[in-house]
Amino acid sequence: MLRLKQLLIDYVKNTEQAETNLELAIEYFKVRHYAAALSFFLRAAERTNNVEMQYFSLLKVGKCLEIAGNRLHTVRAVYQHCINILPNRPEAYYYLSRIYEWQEDWTTCYTIANQGLRHGIADNKMQYQELLDYPGKYALLFQKALSAWWWGKNDESRDILQDLSTNYRNKLTPEFKYTIQNNMARIVSPADSAPSLKRYHKIHHYDRFKFRFDNLNLVEESYAQIYQDLFILSALNGKKGGTYLEIGSGHPVLCNNTYLLESVFDWTGCAVEINSKYVEAYKAKRKNQVICDNALNIDYSELIKSNITTSSNIIDYLQLDCEPAEVTYKILLKMPLNDYKFRVITYEHDYYADVDKIYREKSRLYLANNGYILVVNDLCSDYNKRFSFEDWWVHKDLIDKDTLNKLLSCNLETNTDPDEYFGFR
Amino acid sequence: MNFCKQVLDAGGTIAPLVLPYEITKGTGIFNPSIYYDDFTDKLLVNIRHCQYVLYHAEKEIFESQWGPLTYLNPENDLTLTTNNYLCELNKNTLDIVQQCKIDTSKLDVKPIWEFVGLEDARIVRWENKLYAIGVRRDTTRNGVGRMEFSQLEYTDVGLEEVKRHRIAAPPPDQTYCEKNWVPIIDMPYHMVKWSNPTEIVSINLETNTSETVFLGKHSPQPYDFRGGSQVIPLNNEFYFACMHGVSLYSSESGRKDATYRHCFIIWDRPWNVIKYTNFFSFLDNKIEFCTGMCYLDNHFLLSFGAQDNSSYVLKVPKDYMENVCLG
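In order, the protein sequence lines correspond to chains A and B. The opening position of the first sequence corresponds to residue 1 in the working numbering, with each subsequent residue numbered one higher. The opening position of the second sequence corresponds to residue 1 in the working numbering, with each subsequent residue numbered one higher.
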């Protein structure tokens, strides 16, 4: 309050000077008296010939109104003033595009973000720049990606997000990193890319299938996102009565890796899922056990001991599929790999969405050190193989050597298209 | 030169009044009414909080789409809802040391007009009863305004409105809106209803009626005088108050704008106007409104709002004020 009082006195002595108005406005903003801040920012803007001060002050006017809430028509007009004052600065485009985002006016949001990227190219720091929460060009790119998605420009949206996570990861604020990661997972994830339940049902595909296994004739369709169920059966030669531990089961049928195993091959096992809706559906549709919990909180030795019948402490299949990448990796570290061995593991590293780009390599090192062999790397669900999200592993001692040689298709230089891998394409 | 600068030059001070964000949510606090309560030895100020923000492009350069002077309500709430916070000030620093929302819930009825709550309440204690006296317009479907006495009592948990009196205008009580009547601090239940010509009314809380007990002569002035601070004694010989005048006009593009200016009016004890001071601005803002004045420790304290967004207390040395008013 002392500084506010002093700045008020300075203002009283020179009420028409833009700087005294601005300093007082900034201090009011700091003590969160936003209505007062607005008045003095507006006075500053109207009392200076310095366009950068006008621009900054009006951006803050908009910010005050944003905080007061629910006055978006006026906020929009204020940011439009800013764009007209300094059309080569990016901040106002960013703020304005966010207003349209909140109003779900995606076409305008996209247009403004795009205009900002084209015209708002000034990157010199203005006075008081640090008081603007404009993170950088990537913020406009994110606005464009987001609005592009909702406008139906899905490929463009995916490309921008990929660009952000690849080329901007060292610049992102933690908040943006989190946001981008979440959105990558949401709009690029194969789970949301209209998976077909009928992939394997097509008979001409069936003929092309590269890996023959016992009881293949029982398989009418693959329920998994990218044929994980077929990979497991291929690795274990169509084993009946196998066992599994499924972390992050999701829907009990749709895009589910174990539904085929349970329903046709009589496997037993236990699933863990955090989403109670999926758990309820699982209980209704499936015979095997499901636990509703956060997979990070579980003692897996206890869970296996209580819920999975093992022979020689071997379990046939482990699914690790949570989000984001860091979480899946932490769950991997909780697995009792010294006490139990898994014949097949599908590990979702979500590399496409991992802004840090570290968890895929960490998981690979960890699994290799525990005796597992990477059989297929960087599987993608998209035709262009841009968004790799999963690796498939087997234990070196628990898989038939000939089978392993047939399945082995590891090339760390390229991503893998599952249709190509299985011979469907 | 603005009045605050003159006061600072004369050895006075100014202090901002700030309520926590958790109360204001970023919107305006204004029209504060200061009062020294010798009954409790507390320096009080009532602050009005509304859910709008005033956007005033005074130089008409960066107008909103609705013009230079715009009351920005939430876009899903077009009511003008007032809440009042009675605060205690530190007598030396003038900082708020305690704020208490006036709990009106026991006497509230469902509002039936858009302006909700007691507006521009002035604080006064008469006969050991503490009152916030303002205008309420939410009791009729067309917004008829009448002065209301809100009797306040501190409780264990806060501050409560315990009685409410809606005061009829003097007969025939047919006006649309009565507001800005200001209490004469040492004449219980008497208020200056209008100050050019001076009209003094007596209030009867038994009957909730008012009666004109003095009517002076009109004096040509540049503004229509409207109410302002409480009326308080000056020098044992006079009364005075800080009153405001409004100039309403249109911007070049025909949209509304306004300027508020103040002056002091000095009366002798028989209520003849001794002097109107020159009109002045407190802070060189176009919208300013003084709704409180009291005397404490050789200073006059004036409380006023600026642009309906912020509130201040100005501490004026007694000698300087006497010179302004009587010199």
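These aren't lab readings, by the way, just hints derived from the structure by calculation. Among the clues, some could well be false.
What follows is a list of derived Cβ distance ranges for each label pair [as the list claims (entries may be wrong)]: (1) A/Val51 / B/His218: 17 to 27 Å; (2) A/Glu104 / B/Lys25: 50 to 60 Å; (3) A/Asn14 / B/Asp108: 38 to 48 Å; (4) A/Val51 / B/Thr212: 53 to 63 Å; (5) A/Gln80 / B/Lys256: 51 to 61 Å.
BS3-like mimics (lysine-lysine), calculated; alpha carbons at most 25 Å apart, straight line [what the hints assert, rightly or not]: (6) B/Lys315 / A/Lys5; (7) B/Lys91 / A/Lys13; (8) B/Lys101 / B/Lys42; (9) A/Lys137 / A/Lys357; (10) A/Lys5 / B/Lys179; (11) B/Lys25 / A/Lys13; (12) A/Lys5 / B/Lys217; (13) B/Lys91 / B/Lys42; (14) A/Lys30 / B/Lys318; (15) A/Lys13 / B/Lys5; (16) B/Lys25 / A/Lys30; (17) A/Lys13 / B/Lys318; (18) B/Lys106 / A/Lys5; (19) B/Lys286 / A/Lys13.
Glycine residues also receive a C-beta, built at the ideal position from the N, C-alpha and C atoms.
Note to self: Tell me the hint numbers this structure goes against, listed in increasing order.
What the structure shows: 1, 2, 5, 10, 11, 12, 14 and 18
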